[in-house]
Amino acid sequence: MRFTMLLFALYEILKRASKRNVAYRNYIGSIHRVKIMIKTADGKRGRLFIFDQGKVMTQSGANHPYDAAIVWADAKTGFKVMASQSDAEQFKAAATGKMKLDGMAFFAQWFNDGVKLVM
Amino acid sequence: MALINGGHLVGKYLKEVEKVDIVFGISGGHIEAMLDGFTQYNIRTIDVRHEQAAAMMAHAWSVYAGKPGVCFLTAGPGFANGLTGIANAYLDNAPLVVLCGRHPLRDDLKGALQEIKQMDIVKPITKWAATCFDIKRIPEYLSIAFRYAAEGRPGPVFLELPPDILSITVEESQVPMPVCTTRKYRMHPDDKDIKAAVELINNAKKPLFLGGSGVGLSHSSESLKKFIEKTGIPFMLMNYGRGELPDNHPNSVMEMGNLGLMFGVGQADVLIAAGLRFNWTFQSGQLIPPSVKLVRIDIDPHELDRNCAADVGLAGDIASVLGELTAHVRNNDHSQWAETLKAAGRSVLDYELRMRKTSSDPIHPIRLVAQIQKFVGDDAIYVADGGDTSYFGLAFSTSQKAGVIATAAGLFGCLGTGIPFGMAAKLARPDKKVVVLNGDGSFGFNAMEFDTMVRHNIPVVCVINNDCAWGMIKHSQELSIGCDRLQCAELGTRHYEKVAEALGGHGEFVTKDEEIIPALTRAFASGKPACINVMTDQTITSPATPLFYQSLKME
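Going down the list, the sequences are from chains A and B. Add 5 to a position in the first sequence, counting from 1, and you land on the number used in our numbering. Add 12 to a position in the second sequence, counting from 1, and you land on the number used in our numbering.
Derived from the structure by calculation, the hints contain no laboratory data. Just to be clear, a hint being listed does not mean it is correct.
[Claimed, not checked] In silico BS3-like links for lysine-lysine, alpha-carbon gap of 27 angstroms or less:
1. B:K354 <-> A:K85
2. B:K207 <-> B:K238
3. B:K207 <-> B:K27
4. A:K121 <-> B:K218
5. A:K97 <-> A:K85
6. A:K97 <-> B:K369
7. B:K354 <-> B:K217
8. A:K85 <-> B:K218
9. A:K85 <-> B:K217
10. B:K369 <-> B:K354
11. A:K103 <-> B:K354
12. B:K369 <-> B:K237
13. A:K81 <-> B:K354
14. B:K354 <-> A:K97
15. A:K121 <-> B:K354
16. B:K386 <-> B:K369
17. A:K40 <-> B:K369
18. B:K354 <-> B:K27
19. B:K444 <-> A:K121
20. A:K103 <-> B:K217
21. B:K565 <-> A:K40
22. B:K217 <-> B:K238
23. A:K20 <-> B:K565
24. B:K217 <-> A:K97
25. B:K79 <-> B:K27
26. A:K60 <-> B:K565
27. A:K97 <-> B:K218
28. B:K510 <-> A:K121
29. A:K24 <-> B:K565
30. B:K218 <-> A:K103
31. B:K238 <-> B:K354
32. B:K369 <-> A:K103
33. B:K386 <-> B:K218
34. B:K305 <-> A:K97
Use the sequences and the hints to build the structure in full.
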C-alpha cells in the first residue's frame, strides 16, 4: 500500500515540477511519448509515467506497455529504496537482484536523474 | 653514378628506414613516381575505391599492427576524399602518415589541373603538415613526419609531395637515408603525484580502473596485467584499449556494459582513468560524482583535468606510469567488490541478457550479436559500425587486442569506418576471423570496398544489422519531433548482399533467427569476403539513442 501511495505521490510531484520547476521542465523538454513503468516483479502493483511534449501523465497498474521499467522484487523493497532517495541503496538493490531494469534501460536512468532534480 | 627519382626515394625511405611493407590509397597521375617507388621497394599497395577508405585503413593499420599506418592520396579530389579519414584519425589520436600529391609548383597560379590550397585545408585536422620542395630533403621530411605521428600523443601527419620533386632524379649517394629517429621518450610524473596516487589506491575500498585508447596505443598489456593483478582492482577497457587484457580476465567487469558502468561508476570510491578522455560519451565528466576520488593518467597533461578535475593527475605514457605505480602499491583483493559490480550490471542489463538467449522474430539486434559470438568465439576481431549498431556491437567479447572496436563511436562519430577497419584487421592479423557488424546506413558509405576485398583477397565477414533506417536518427527524431514527422531517416528494404555477390563476394539474406548460424557457417566456409544481410527488428532503440538525443538537447 505504501509503495502504491509513494508512486502516486511521485506522479504528483513530477507533474507539479513539470509546470513550476524550470530545471525539471527543461530536463524533460519536449520529448515525445516516453513511458516509464515502476512496478513489482509479480505485476500486482505499478504505475506508468508518461512524458509527452513537456507534460507528465500517469496510469495506475502494472499492465501497460512501456519503454523502460524499474522492476522491484517486492513492494516493501521498492518503497524502502525509493523513499531513501539514495543511489547507494539503489545500487545495492540491483547488486542483490532486488531491482532490475527492463526495456530501454537508459530511460530508467533518465527518469531517476530527473527525479533527483526535483527532490 | 646511380640516379634515383623522388618517388623511389619515398619507397626507399619507407622500406629501409621505417620497415613499412604495406600502404593504402588510390593511384593518380601526380603521384605516379611514388607508386613506382612502392613497386621498386616491394611495398604492398592496397588500392581502394574511395580515398576515405584508404585513410581509414591506414588509421586502422596503426591500431591493429601497432605502428604508424601510411596512406597515399593523389592531388585535388583524391586529397579531398581522404579528408574524412584524416579528420577521424585526428580525433582518435591515431598515428597516420598521409603522403599526398599536389599540382606542380611550376604551374602554381596558372590554373593547373587540381590546383587547390591543400595545406590550408588540412592543417586544422593534422598534428603536423608540410610541403617538401627539395628532392634531397624527402627522407628528412619523411623522418620528421613519422616522428610527429608516433611521438607523444599520436596523431595524423600530412606530407605534400609535388611532382616537381617526385619525378626528377638526383644522384643517390647525395641523399643518405637518416637513421630511424622514432625513439620512445618517457615522461615521468612528479614523484609526489605518484605517491598521492599510491595512497589513494592503497586505501580504496571500492576502486575501479577504466582504460581507454591510451592503454592500447602505449601497448601496455604487460604493465596493466601486473598492476591489475597486484592491486586486485576491477577493470573495464574501452576503445583501442579493449582487449589489452582479455574480457574474461578474473578482474574484468566488462560484462557490466556501458549501462552498468553508468549506473555503477558513482559507487566506486576511487576511479583510475587511464588514457581515457571524459568526452560526450562520459557526459563530459558529469557521470563521475564529486564523491569519487579520481586518478587520471594521460600522455597529454592537458587531459588530466579536462571536464573533470583529477584528485591526482599523472602525465606520462600509460605503460610506464602503471609500471611505476605497481612498484609501490600493496597487494590487495577486491574480488567481492568486483562481484557486486557484475551483479548490479546483470540487473541493469536484465532485458538484454534475456534477449541474447531468446530466439526472436523479428530478430533483436542483441540476439544477432549473441549468435555471431556463439559461432565465432572470443579469439576473433569484431568491428561495429553504426549508431544503434555500435551500442549492440560493443556487447561482443574478445581475447584479442583491440578485439572489439565500435569505430563510429569515437569523437568524430564517423559512420562508414567499419569496413576499412575490418579490412585492415584482416591484413594485420590474417589468422584471425574478422567480423564487421554494420548498420544498413553505415554500410552504404564504403560498400564498394567489397571490390577491394575481392581483388586483394581479404575475406572479412560483414553482417548487416538491417533495420531499414538510419536507426539512431530515426529513433531520436521519434523522441524529438514525433513519429509522424520523420525526415531523411528511413532507407527501406535493400538486398545489400547482392552488392557483395555482384563484386565477387559471398552473399546471404537472413530473416529468421534459425538462419543466422547456417549463414555464418556458409560465409566463413566460402573463404570469400562475405555480406550477411540480416533483417532485424525496426522498433528496437538502443540506450545510446536517448543519450545521443540528450546530448543535442539545447534547452
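Original post:
Given the hinted pair A:K121 and B:K354, is their alpha-carbon gap at most 27 angstroms?
Top reply: The given pair, whose Cα atoms are some 25 angstroms apart, holds under the 27 angstroms limit.
Original post:
Given the hint that B:K354 pairs with A:K85, does the C-alpha gap stay at or below 27 angstroms?
Top reply: holds, 23 angstroms
Original post:
Is the straight-line distance between the alpha-carbon of A:K24 and that of B:K565 27 angstroms or less?
Top reply: Judged against 27 angstroms, a Cα distance of about 19 angstroms means the pair holds.
Original post:
Is the hinted pair B:K207 and B:K27 satisfied, with a Cα-Cα distance of at most 27 angstroms?
Top reply: violated, 44 angstroms
Original post:
Is the Cα-Cα distance between B:K217 and B:K238 27 angstroms or less?
Top reply: holds, 19 angstroms
Original post:
When you check the alpha-carbon spacing of B:K218 and A:K103, does it fall within 27 angstroms?
Top reply: Given that 27 angstroms is the threshold and the Cα spacing comes to 21 angstroms, the pair holds.
Original post:
Is the Cα-Cα distance between A:K20 and B:K565 27 angstroms or less?
Top reply: holds, 21 angstroms
**OP:** For the pair we were handed, B:K565 and A:K40, check the Cα-Cα distance against 27 angstroms.
**Re:** holds, 19 angstroms
Subject >> Distance restraint between B:K510 and A:K121, which requires alpha-carbon spacing of 27 angstroms or less >> reply: violated, 51 angstroms
Original post:
Between A:K103 and B:K354, is the straight-line Cα distance small enough, at 27 angstroms or below?
Top reply: It holds: about 14 angstroms lies between the C-alpha atoms, which stays within 27 angstroms.
Original post:
Keeping to a limit of 27 angstroms between CA atoms, is the pair of B:K386 and B:K369 held or broken?
Top reply: holds, 11 angstroms
**OP:** Quickly compare the C-alpha distance for A:K103 and B:K217 to 27 angstroms and report which way the hint goes.
**Re:** holds, 23 angstroms
In the structure shown, a violation is registered for the earlier hints numbered 3, 12, 18, 19, 28, 33, in ascending order.
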